[in-house]
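Here the protein sequences line up with chains A and P, keeping their order. Count the first sequence with my numbering and you get residues 1 to 356, in order. Count the second sequence with my numbering and you get residues 1001 to 1117, in order.
Hints in this document: simulated from the structure, not taken from any laboratory. Wrong hints could be hidden among the right ones.
Said to hold, decoys possible - Okay, derived cross-link-like pairs now, DSS-like style, lysine-lysine, Cα gap no bigger than 25 Å in a straight line:
id, chain 1, residue 1, chain 2, residue 2
1, P, K1113, A, K69
2, A, K340, P, K1113
3, P, K1025, A, K264
4, A, K321, A, K33
5, A, K46, P, K1117
6, P, K1025, A, K213
7, A, K319, A, K245
8, P, K1117, A, K54
9, A, K340, A, K213
10, P, K1025, A, K341
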Amino acid sequence: MYTEHSLLLYMESYTTFSYCEEKTLIKNILRFKNVYINYAASTVGKKEYEGPLKNYFDAFEEDEYFGCKSYEEAESEMVRRNLNLLIAKANLDYTDIDLLLGGDLINQCTSTSFGIKETNIPYLGLYGACSTAIESILCGSVFINSNQINKCIAQASSHFCAAERQYRFPLEYGSTRTPTSQNTVTGTGAFLLSAVESNVRVESAVIGRIIDKGITDANNMGAAMACAAVDTIKRYFEESDMKPKDFDVIITGDLGIEGYEIAKEMLNLNNIEMCDNYNDCGKIIYDTNEQDMHAGGSGCGCIASVLAGYFIKLLNEGKIKNLLAVGTGALLNPNSVFQKKTIPSIAHAIHLSSEA
Amino acid sequence: MNYIYAFVIGGMLCIPAQILIDKTKLSNARILTGYVVTGVILGSFGIYEVLVNFASAGATVPLLGFGYSLAKGVREAVDSDGLFGALYGGLSATAAGISASIFFALLWSFIFKSRQK
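Bound-form chain P, shown alone:
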């Protein structure tokens, strides 16, 4: 059942993005950053935690999950180091994800060449 919840919730989180692409003039970059910011807001109020517990990867994989990680990291860093934690908390929590993105993008660029669809 966990798998089904992951896919259903993950898919449902992607639907607003498709609607935004089709029906608005928002660029992809704006939609992506909008998702991150929404994840930060939902994460900071503890709302997104509920979804993560329910759908696991279905909630953490979409970009909302990245915003949630940023918010969670800042909260934990502020709890341990005070306001100073606001500066490093977000990046520390998401460092693995960011590094993995850069590393794998570089790796694929060595192996593959881009092509037109």
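The following block holds chain A by itself, in its conformation from the complex:
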């Protein structure tokens, strides 16, 4: 017979269920009845527009300052413009939106708050590092599913220059980056969610849990995030009737070239056979041969812009029927790196299907 303590330890290690005080089993997969992504909008910077997905983004800006005085203002301006794009696509007004969920990488998410403040939309700021886009869609889906909110916008953004100043060094310092480092994407993606039927449906989601495997190298976050991605994907497939081959595409947010290979290997070791349908947004947003982007893209804007620009279009047109999007985030800050702490990571997943 197991004692309660050893039973909890056993469950933590091997099972997919969590044991709460009321002795009710909490499932890993949240299933939604009537949540749809009606519209999506994406805006990116120059480097992203020079990549392979250039024809899928709605807008781009050559000037990394977006006409502003600082990079942080530039990110706010990018968020503001993209929000306007989304509202225009949907033929709505700001007053039609009941809730905006969003976040970015900058301290206290000021890029988002300054970008959206004129809209007067009720706002909940979120932080999941590079998984913020998926976290926003996940939370938005819960609100829509509850019938408390009619129209919700979920969004996330990042800006290369602003992120460099905060997490590493300002561009003026002129430092070089290691070959394994990733390039923070200058981009944003916004999604309009509601119960109104449209081609793209949010079927289900998995809320990630923090995974820390003791990795300390901030120049190789892909490896740290791969562990979190594997945990979430494993939790999903152990509970779902679907298998990896049932999805047209499975994407992770920004594991980059190194993290992607690590994730594939770890998933195979866990008997989850990923096929050719598995890809990573950090790998596909840039042309690794033509563009000097080291280990690929990263940042909130990576999965946000690639999902909003590329994959939502494919789902809308029925070119893919089932997509599992796993946003991956490294929950570090500059001080934790200086204090030589490890990099805990998290990964949230959503299953999108096409009704087209």
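Keeping the supplied structure of chain A fixed, place chain P upon it in accordance with the hints.
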């Protein structure tokens, strides 16, 4: 020939730094300060003096040269003022270089705006 020696020696002194960036997890800041400390050590034992005499700017321009200036300044100050010289000698010797860095960085910031590569 002096020019050739300057460029060859200067370039060779930069190669270890590139290897450290590519092959190790050392941050740029650690590599730079490592170079300064190495320059101080080589300078204090008189080894770097040989390289400076041979390659002039090729040895003084890289950050090792800054460490060498620090060590030389401390040695000269201690020779003239005793142990007290250890406190001010290094900074006095490198003051011109440090001031120039700050001044020109400020000047360029007035004229130019940073851009992504």
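To see whether the hints hold, each was checked on the structure:
no. : hint               : result
1   : P/K1113 <-> A/K69  : holds (10 Å)
2   : A/K340 <-> P/K1113 : violated (33 Å)
3   : P/K1025 <-> A/K264 : holds (24 Å)
4   : A/K321 <-> A/K33   : holds (18 Å)
5   : A/K46 <-> P/K1117  : holds (11 Å)
6   : P/K1025 <-> A/K213 : holds (18 Å)
7   : A/K319 <-> A/K245  : holds (16 Å)
8   : P/K1117 <-> A/K54  : holds (19 Å)
9   : A/K340 <-> A/K213  : holds (14 Å)
10  : P/K1025 <-> A/K341 : holds (15 Å)
Violated hints amount to a single one, hint 2; each of the other numbered hints is respected by the structure.
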